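**Student:** Sequence:
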Amino acid sequence: MARKIIYIVGGVVVVLLLVAVLLPFVIYANRFRPEIESSLNTALNRKVDIGNIRLSILSGGVTVENIAISDDPSFNAGPFLKAKSLSVNLELLPLIFSHAIHITGLIIDQPSVTLLRSPAGTWNFSTLGAKQTQSKNASAAKSAGTSSSGSSPDLSVRGLSLENGTMVVSRTGAAGRPHTYDQVNIKASDLSYTTQFPFELTARTPGNGTIKLMGKAGPLNSQDTAATPLNASLEVKNLDLKSTGFIDPSAGMAGLMDFSGTLNSDGRTATSSGKITGTHLQLVPGGSPATQPVNVDYEAVYELKPQTGQLRRGDVHIGKAAADLKGEFNDSGAIASVQLKLTGQNVPASDLESVLPALGITLPSGASLKQGALNANLAINGPVDKLVITGPVSLSNAKLTGFDLGSRMGSLAAFSGISEVGDTEIQTFSSDVRVAPEGIRSDNLSLLVPSIGSMTGNGTISGDHKLDFKMIAHLGRQSTSSGQAKAAESGGIPFRVQGTTSNPQIVPDLAGIVGGFTNGLKSGGTAIPSNSKDLQQAIDKFGGLLGRKKQPQQ
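Going by the numbering used here, the first residue of the sequence shown is number 86, and it counts up by one from there.
Hints in this document: simulated from the structure, not taken from any laboratory.
Predicted, not measured: the structure shown is a model, and the values here were computed from it.
Just so you know, not all the hints are guaranteed correct.
[Stated by the list, open to error] Each computed SDA-like pair below joins lysine to any residue, with the alpha-carbon atoms no more than 20 Å apart:
1. K426 / D382
2. K411 / K322
3. K301 / P374
4. K360 / A419
5. K411 / A464
6. K272 / L213
7. K471 / D382
8. K484 / E523
9. K327 / S422
10. K272 / R256
11. K360 / S373
12. K272 / P314
13. K484 / Q456
14. K297 / E320
15. K301 / S358
16. K426 / K471
17. K555 / V518
18. K132 / S159
19. K471 / P374
20. K405 / K297
21. K360 / P370
22. K169 / V133
23. K455 / I511
24. K411 / S357
25. K471 / E523
26. K411 / P374
27. K272 / S170
28. K551 / T513
29. K471 / K405
30. K322 / A339
[Said to hold, decoys possible] Here are the simulated distance ranges between beta carbons:
31. D528 / K272: 12 to 22 Å
32. A421 / D553: 29 to 39 Å
33. S481 / P204: 41 to 51 Å
34. A464 / N270: 34 to 44 Å
35. P158 / R262: 33 to 43 Å
36. N482 / T347: 26 to 36 Å
37. N529 / E285: 47 to 57 Å
38. Q268 / S515: 28 to 38 Å
39. D382 / N270: 26 to 36 Å
40. G507 / N588: 36 to 46 Å
Glycine included, C-beta positions come from ideal geometry on N, C-alpha and C.
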């Protein structure tokens with residue numbers, strides 16, 4: 086008896102295998118192409134072209150080769166998606182006995198997807214799968230009556246898988262720059278217009294970074310797919326700012342960014358919070374990478390349609406240094422722009438030294454900022470690839486080791502009897518600064534070094550680190566800011582700071598000195614030299630005091 090059962094079971098297995106092998110030859114799969122295209126057209130709300138169809142009994146569906154899904158014509162005349170193959174999972178019994186197409190899942194292999202965004206903030210995938218208007222639905226229903234698909238725009242998909250894809254993200258118009266992401270994989274199940282569904286997206290960014298987005302989305306918005314609600318976690322690693330294409334290379338911005346946080350959207354407003362870590366950051370042309378990471382803990386809200394947002398909280402940390410960053414941002418233009426405020430009070434200056442190169446500020450060779458407290462109230466405005474930073478900064482009780490300002494002043498210091506002082510002690514420093522892609526400007530600069538004196542002036546640091554400052558020195562040992570004020574009342578010696586930030590050169594401004602001398606003569610009622618010979622003697626006199634050789638007599 087047992088042997089008969091084994092024979093029967095074995096016979097059934099053989100018959101089933103024969104059916105699995107022979108059925109594809111009995112059923113000509115390509116005859117279902119119109120029904121499948123019609124079903125996909127209805128489900129996706131796009132024109133779909135497919136190639137050869139192979140019936141796969143064992144996998145429970147059909148495999149479609151060389152599929153192309155058209156783009157929204159208002160965005161692009163080319164395809165929205167092209168793929169090597171599309172596996173359509175079907176209910177086989179309705180297919181075999183009544184030629185009905187019941188799609189239960191889609192697997193897209195090696196797709197190439199183009200995502201475009203208009204200036205108004207609308208994406209080209211917004212209408213993907215969107216329901217038609219009442220009249221279009223009636224027309225589609227009439228057309229579907231001639232086929233046996235039995236499909237509906239309300240079709241739910243049990244499983245969606247996009248494997249090893251390439252995704253190109255850009256904006257419409259001439260200003261749009263494409264950004265290509267590869268190794269894109271998407272998995273979702275139970276997609277529906279009525280309930281939430283789980284999903285996961287992973288991709289490799291330009292520059293070999295990675296993105297992972299996972300959570301729940303839905304219900305699908307039947308009018309705008311991009312407005313589908315979303316609750317997800319987002320993790321980004323090693324995002325190369327220079328390679329993403331979002332920032333013009335001429336802006337000089339570079340570095341790597343890591344992100345870990347949450348992203349939630351109700352279809353109209355998105356909120357996000359998390360932590361951003363920037364390493365090797367560079368913010369201006371001619372800058373060099375920061376040697377310490379910059380961390381930002383933030384909370385932000387973003388309105389999807391106007392494409393505007395608000396940074397409600399931004400806690401910036403660089404070592405032990407902390408600052409507060411808040412403001413607004415706008416992503417409606419070709420390049421995102423910001424209007425932010427950065428405020429720092431009593432920030433340890435030694436921790437900030439590591440990020441000065443990112444702003445194009447280089448300390449003199451061998452110098453290091455070992456102590457001091459910084460206060461800043463800065464406005465950060467403009468497109469993100471051409472930021473302009475303005476506002477007052479001040480530094481107190483700082484020490485610049487490895488740099489002897491007294492010896493650098495040369496003849497100016499000798500003229501006032503100041504010898505080498507070793508490390509430079511800075512009692513106070515203040516200035517109104519402007520940091521822009523073209524360089525740095527410093528106005529109302531005031532510096533008090535007790536062992537040397539006080540200095541005031543204005544100047545610039547170019548994008549290639551060249552210095553051009555016009556200063557006035559009030560030399561003589563001072564210990565308080567009141568001493569600085571007294572020195573200012575008594576006049577000073579004009580000088581210039583030239584060279585580069587790593588090798589500054591301090592030279593007397595002889596023309597300014599002679600100008601001050603002649604003005605002093607005028608104010609004192611003394612006659613100003615009336616011919617060039619007398620004027621040259623005056624210059625030689627001050628040049629001799631400053632260690633300069635006299636010009637030979639004519």
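**Student:** Each hint needs a verdict: does it hold in this structure or not?
**Tutor:** Okay, the hints, checked on the actual structure:
Restraint check for K426 and D382: satisfied, since their Cα atoms lie roughly 15 Å apart, inside the 20 Å limit. A hinted pair counts as satisfied when its Cα atoms are at most 20 Å apart, and K411 with K322 does not qualify at roughly 24 Å. For the hint pairing K301 with P374, the CA-to-CA distance comes to about 38 Å; that exceeds 20 Å, so the pair is violated. Taken as a hint, the K360 and A419 pair is broken in the structure, with Cα atoms around 26 Å apart against an allowance of 20 Å.
Straight-line distance between C-alpha atoms of K411 and A464 comes to about 10 Å, which keeps the hinted pair within the 20 Å bound. Taking the CA atoms of K272 and L213, the gap is near 17 Å; set against the 20 Å cutoff, the hint holds. Using a Cα cut-off of 20 Å, the hinted pair K471 and D382 is violated, with the two alpha carbons roughly 23 Å apart. Proposed proximity of K484 and E523 is contradicted: the alpha carbons are some 29 Å apart, above 20 Å.
Of the supplied pair hints, the one linking K327 and S422 holds, its CA atoms being roughly 17 Å apart against a limit of 20 Å. A hinted pair counts as satisfied when its Cα atoms are at most 20 Å apart, and K272 with R256 does not qualify at roughly 26 Å. This hinted pair does not check out: K360 and S373 have alpha carbons roughly 24 Å apart, beyond 20 Å. Under the criterion of a C-alpha separation no larger than 20 Å, the hint pairing K272 with P314 is consistent with the structure, at around 17 Å.
A distance of roughly 5 Å separates the Cα atoms of K484 and Q456; the hinted pair therefore holds under the 20 Å criterion. As the CA atoms of K297 and E320 are separated by approximately 5 Å, the hinted pair is consistent with the 20 Å bound. Straight-line distance between C-alpha atoms of K301 and S358 comes to about 17 Å, which keeps the hinted pair within the 20 Å bound. Restraint check: the Cα-Cα separation between K426 and K471 comes to about 16 Å, which is no more than 20 Å; the hinted pair holds.
Restraint check for K555 and V518: satisfied, since their Cα atoms lie roughly 15 Å apart, inside the 20 Å limit. Using a Cα cut-off of 20 Å, the hinted pair K132 and S159 holds, with the two alpha carbons roughly 14 Å apart. Simply put, K471 and P374 have alpha-carbon atoms about 17 Å apart, close enough for the 20 Å limit, and the pair holds. Our distance criterion of 20 Å between C-alpha atoms is broken by K405 and K297, whose separation comes to about 30 Å.
Between K360 and P370 the alpha-carbon distance is near 26 Å, which puts this suggested pair outside the 20 Å criterion. For the suggested pair K169 and V133, the alpha carbons sit about 14 Å apart, so the restraint of at most 20 Å is met. The hinted pair formed by K455 and I511 meets the criterion: a straight-line CA distance of about 11 Å does not exceed 20 Å. For the suggested pair K411 and S357, the alpha carbons sit about 14 Å apart, so the restraint of at most 20 Å is met.
For the given pair, K471 sits about 9 Å from E523 by alpha-carbon distance, which is consistent with the 20 Å threshold. Distance hint between K411 and P374 is unfulfilled; the C-alpha atoms sit about 24 Å from each other, more than 20 Å. For the hint linking K272 to S170, the alpha-carbon distance of about 16 Å falls within 20 Å, and the restraint holds. For the given pair, K551 sits about 24 Å from T513 by alpha-carbon distance, which is inconsistent with the 20 Å threshold.
Of the supplied pair hints, the one linking K471 and K405 is violated, its CA atoms being roughly 28 Å apart against a limit of 20 Å. Taking the CA atoms of K322 and A339, the gap is near 15 Å; set against the 20 Å cutoff, the hint holds. Checked against the given bound of 12 to 22 Å, the beta carbons of D528 and K272, roughly 57 Å apart, lie outside it. Here the CB-CB span from A421 to D553 is close to 33 Å, well matched to the stated 29 to 39 Å.
At about 47 Å, the beta-carbon gap between S481 and P204 stays in the expected band of 41 to 51 Å. Checked against the hint of 34 to 44 Å, the C-beta distance between A464 and N270 comes to roughly 42 Å, which is consistent with it. Between P158 and R262, the C-beta spacing of about 23 Å breaks the proposed range 33 to 43 Å. Taking the beta carbon of each, N482 and T347 are about 42 Å apart, not inside 26 to 36 Å as hinted.
Our hint of 47 to 57 Å for N529 and E285 holds, since their Cβ atoms are close to 55 Å apart. For Q268 and S515, the Cβ-Cβ distance of about 51 Å falls outside the hinted range of 28 to 38 Å, so the restraint is violated. For the pair D382 and N270, the supplied restraint of 26 to 36 Å holds, since their beta-carbon distance comes to about 30 Å. Our hint of 36 to 46 Å for G507 and N588 is violated, since their Cβ atoms are close to 19 Å apart.
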